[in-house]
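Asks: Quick note, my numbering runs 2 ahead of the 1-based positions in the sequence shown.
It should be emphasised that the hints constitute simulated quantities derived from the structure, not laboratory data.
It is possible that part of the hints are untrue.
Stated by the list, open to error - Straight-line C-alpha distance at most 20 Å; calculated SDA-like pairs for lysine to any residue:
1) K176 - V192
2) K176 - T58
3) K125 - D141
4) K125 - A32
5) K176 - A22
6) K125 - L109
7) K125 - L166
8) K125 - A22
9) K125 - H46
10) K176 - L166
Claimed, not checked - DEER-style ranges, computed between Cβ atoms:
11) L66 - G102: 44 to 54 Å
12) Q170 - L135: 21 to 31 Å
13) L188 - A22: 14 to 24 Å
14) T111 - G83: 15 to 25 Å
15) T111 - H46: 33 to 43 Å
16) R174 - A17: 19 to 29 Å
17) V93 - L188: 15 to 25 Å
Since this is a predicted model, take the numbers as computed values, not measurements.
The beta carbon of each residue, even a glycine, is placed where N, CA and C say it ideally should be.
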Amino acid sequence: MPAEPRAARGRRGLAAALSALLLVAGLLLAFAELADEVTDGDTHGFDRAVLLALRTAGDSADPLGPAWLEAAFRDITTLGGTPVLTAVTLVTLGYLLLAGRRATALLVTVAVGGGVLVSNLLKAAFERPRPDLVAHLVDVSSLSFPSGHAMMSTVTWLTLAALLATVQSTRRMKVYVLAVGACLALLIGVSRVFLGVHWPTDVLAGWCIGAAWALGCWLAAGWLRPRESSRAVD
């Protein structure tokens, strides 16, 4: 009798892994399509329309909505910046190392560090300048495509959420943790467009490549977890 539940769990795990792989492939394809459209200039009309729609008519420096909304987006965007993501990553690594989860700590290091490398390589490859259509409401200096904030917030927050979800005992808690990570990444990406420092397609591309990377890390975490557990028991 015990063998049947284990076999069923194994089939569910395999199905989940295959679904995740298909989703990774779909996200990479979506990124490739976006990159091709951006390179050809086919997204220019869409990008311009969205940025202008978020500004008061006749004043490109005045975003829509009350002053508190702009202040809120300024705060939200910092959650995807290098200082915050670095601090969160280091705190997580410290916890994992103290808990004896060295393999998972290595996974987080590769996920975040590799994400930074991929982001910088892609920016250098596409060399898309920042929007000059509206005023920038925060300081920026790097290239535009894909959005580093959108990509790295997705990589970091979704990777950490996925790792935290693996130790939750109920489906409801797993969904909640993953939803929080996804919402953070979405809000940070939206903040970059609202503040005028990224074209919308920069952010869409950042979400796609970041989610693909985070899902790959989730698959690796699923492979590592039972091995770490067995060593802990020994």
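Asks: Next, verify each hint and record whether it holds.
Replies: Each hint, compared with the structure:
1. K176 - V192: violated (24 Å)
2. K176 - T58: Status violated; Cα separation ~41 Å.
3. K125 - D141: With Cα atoms ~18 Å apart, K125 and D141 stay inside 20 Å; holds.
4. K125 - A32: holds (17 Å)
5. K176 - A22: Status holds; Cα separation ~16 Å.
6. K125 - L109: violated (24 Å)
7. K125 - L166: violated (30 Å)
8. K125 - A22: Distance of about 26 Å is beyond 20 Å: violated.
9. K125 - H46: holds (18 Å)
10. K176 - L166: holds (8 Å)
11. L66 - G102: 44 to 54 Å: holds (50 Å)
12. Q170 - L135: 21 to 31 Å: At roughly 44 Å between Cβ atoms, L135 and Q170 fall outside 21 to 31 Å, so the hint is violated.
13. L188 - A22: 14 to 24 Å: holds (19 Å)
14. T111 - G83: 15 to 25 Å: Holds, at about 19 Å.
15. T111 - H46: 33 to 43 Å: With Cβ atoms ~38 Å apart, the hint holds.
16. R174 - A17: 19 to 29 Å: holds (20 Å)
17. V93 - L188: 15 to 25 Å: Between V93 and L188, where Cβ atoms are some 23 Å apart, the hint holds.
The structure does not agree with the numbered hints 1, 2, 6, 7, 8 and 12 stated previously, though it agrees with the rest.
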